[in-house]
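First to last, the sequence lines map onto chains B and V. Going by this note's numbering, the first sequence wraps up at 328, each residue one higher than the last. Going by this note's numbering, the second sequence wraps up at 457, each residue one higher than the last.
There's no promise every hint is true.
Stated by the list, open to error - Covered stretches of chain V (in silico footprint by chain B; criterion: 3 or more residues with CB under 8 Å from a CB of chain B, positions within the stretch not fixed):
no.	segment
1	306-315
2	334-340
3	352-358
4	402-408
5	424-434
Treat the hints as calculated values from the structure; they're not laboratory data. As the structure is a computational prediction, the values presented were derived from the model and not from experiment. Ideal Cβ placement from N, Cα and C applies to all residues, glycine included.
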Amino acid sequence: MYETNYHRPASVQEAVKLIGGAAEGKYLAGGMTLIATMKQRLAAPSDLVDLRHIAEMKGITVNGRSVRIGAATTHREVASSAELGAVCPAICALASHIGDPHVRNMGTIGGSIANNDPAADYPAAMLALDATIVTNSREIAAADFFTGLFETALDDGEIITAITFDAPAKAAYQKFPNPASRYAMAGVFVVRRDNGDVRVAVTGAGSSGVFRHQGMEAALAGNWSPDAVGNVSVDASDLLADLHASAAYRANLIKVMTKRAVAAA
Amino acid sequence: MAKITMTVNGRQVSGTCDDRTLLVHFIRENLGLTGTHVGCETSQCGACVIHMDGLSVKSCSILAVQAAGSSITTIEGLAKDGELHPVQAAFKAHHGLQCGFCTPGMVMTAVDMIARHGSNLDEATVRAELEGNICRCTGYHNIVKAILAAAAEMGGVRQAAE
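One chain only, chain V, in its complex shape (with noise of 0.2 Å):
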């Protein structure tokens, strides 16, 4: 068994764990985060994406014990003061998900992908870069649409700001 603590969406947490427990099922079960999904949990669709020391990982394909000590974000950690992030609200305003099961991946997904491209992106891009998340409802046009557009308004926040 193994202790161990990180920061989960800005709060230290401390827990103990096998040390063959997945990342994924301790933010579950330990940290009773239940928006991180498992979908395949076999590193191919993408439901358990989350970020640690902001980068977008599979927690399923990572043990716990190797995020000790990291800073990780989940889904749950983007909403602030009760306001959608701007991702969450544009996959709602363009109905970017159906059943929803892969939508924590998906949104945590586009999040890395606009802080890394910013409102540079292009469709191409951006369905070049959902490689590793899949929907098997929407036929990810809508998601598409969502991200675009999250990406053309957090961009433009970024120029009001400057």
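Isolated chain B (complex conformation) (with noise of 0.2 Å):
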């Protein structure tokens, strides 16, 4: 790892201003992916503002059907809130199947989502959720915030808050992980409101992170179970494929998992 130097800001504004005084600052969520990439020397950060000591960041708020999550809430919290397992318990279960349990006593959902990792799996949950991703400077929905692999509509500098969303009447995240790295080959994230509308949101699969399946959505809308899946077709030709699997093989993942988490939901 090359130097650099730390910081420990108490408030969202103090890191802010840290970040702006720094040559080539990086915030410092759980760090679970952002030190062992600094490791590799793949990253060289000259200044790390730590977030992880930033109270207004932290911790998880529920009125009636209203989510609030602070950005430096870490997977366990998420996996084990009591009151967010009562109105929308999927993104539990997500949370729950991230990493190790290390790992997720580190990593957090700010992290994890400003990282835009393309096999991570909350980035499916915020664009299935239809969730606001909140900063320090504005409010984002999550369709306009994932822009491409590893790349999200933050400016430099900007800070992840906390993410927002409403709780839908039904949700289920099904993943199919890597037998070694435990990564979603493809993960599928379903959501169906009281209203009838269906997202269907995928991660692990496209070449160019995250995706709606407007196809799997219009076939659930029309009947919600697993078998309406069946005649969906899942064109192959924007997944990624890699020596672990090919595009056909995630195409068809993408299927399957859509019908388990429906089944789940």
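Using the hints, put the two standalone chains together into the complex.
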């Protein structure tokens, strides 16, 4: 790891100021991706601004169906929140399968979303739940937030402070993890609202990251059952292909994961 | 360079290290507590698992400066007054180790696991919870057996105390 300078702000305002004064600063959330990347010398920030000690970025609030999760909330906290589990158990289940127990104790929802790994789980949930990404300067709809592989709509120095969404009537997430890395080779988050609106968001498979599958959404809006997915075609031409799975294999996985998610919702 | 202070195994310690120093290296090299192992150093194997503020974490993936001000427990902090912790005793009794390299991380993981699940642990849960810890000798069988035995014993102890 190259040399770096560590800072520990107590407020969002202080964090933004610290990044502004750094030559090439990076925010450090749980660090479960960033520290590993720095060890490989694939990232070499001059300064690290630690977001783990900012009280205003922590915690989960549920008001009726309205949910707010502070960006510095860990996967473990999301997974084990009883009040969140009462309105949207799907997001708790998703969090409980990220990485391993030790990683879940450090990694945060804000860090995961800001990193936008194409195989990360949370981006699918954000897109399907029509979540709002709240930053220190604005609110960004999830649909506008994830702009490509490891790319987001965040400006330099902008911090995600929270995410908000309305808990849907039904939701579930199913992923097919890579047997070695456990990252999703295809992960599908399905949502059905009381008004019949359906969202199907796919992670781990898209060549430009997380995406919605309109074909699945239309089929499930007409008939909310696993069988409805059977005749939907999934175009493999925009899907990732690597040594673990071809694009055609991932296309099939998307279908299977969607079926399983609808069955579980 | 950073001067950091933290509580390790109940004792307040201070040391100076680079901002880029990993917590596991601070623990091993600055504090001389070599029970915590460096295995893969890529966050996969779990040989470096310690507890930070009561939660199990991989100390190879955290900077020492991030842990400043926290309370750390390492494998050296488990035994009390020369008596092995029940999890350590169970690993010994059930032959939950062969070469022993992964054992400190396995034991720290097991202690955290039992703290969360208590005596309700079953084999499937133990195996799922061991996701982040790799053992190349045992095939996990005796590790799982040891954790279940320790959970039962610690649950029993808790009941006896109530």
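Now the hints, each set against the structure:
1. 306-315: Contact hint for the segment 306-315 of chain V vs chain B: holds, 3 residues under 8 Å.
2. 334-340: The restraint on the segment 334-340 of chain V holds, since 3 of its residues have a Cβ under 8 Å from chain B and three suffice.
3. 352-358: holds (count 5)
4. 402-408: Check passed, 3 qualifying residues.
5. 424-434: The restraint on the segment 424-434 of chain V holds, since 4 of its residues have a Cβ under 8 Å from chain B and three suffice.
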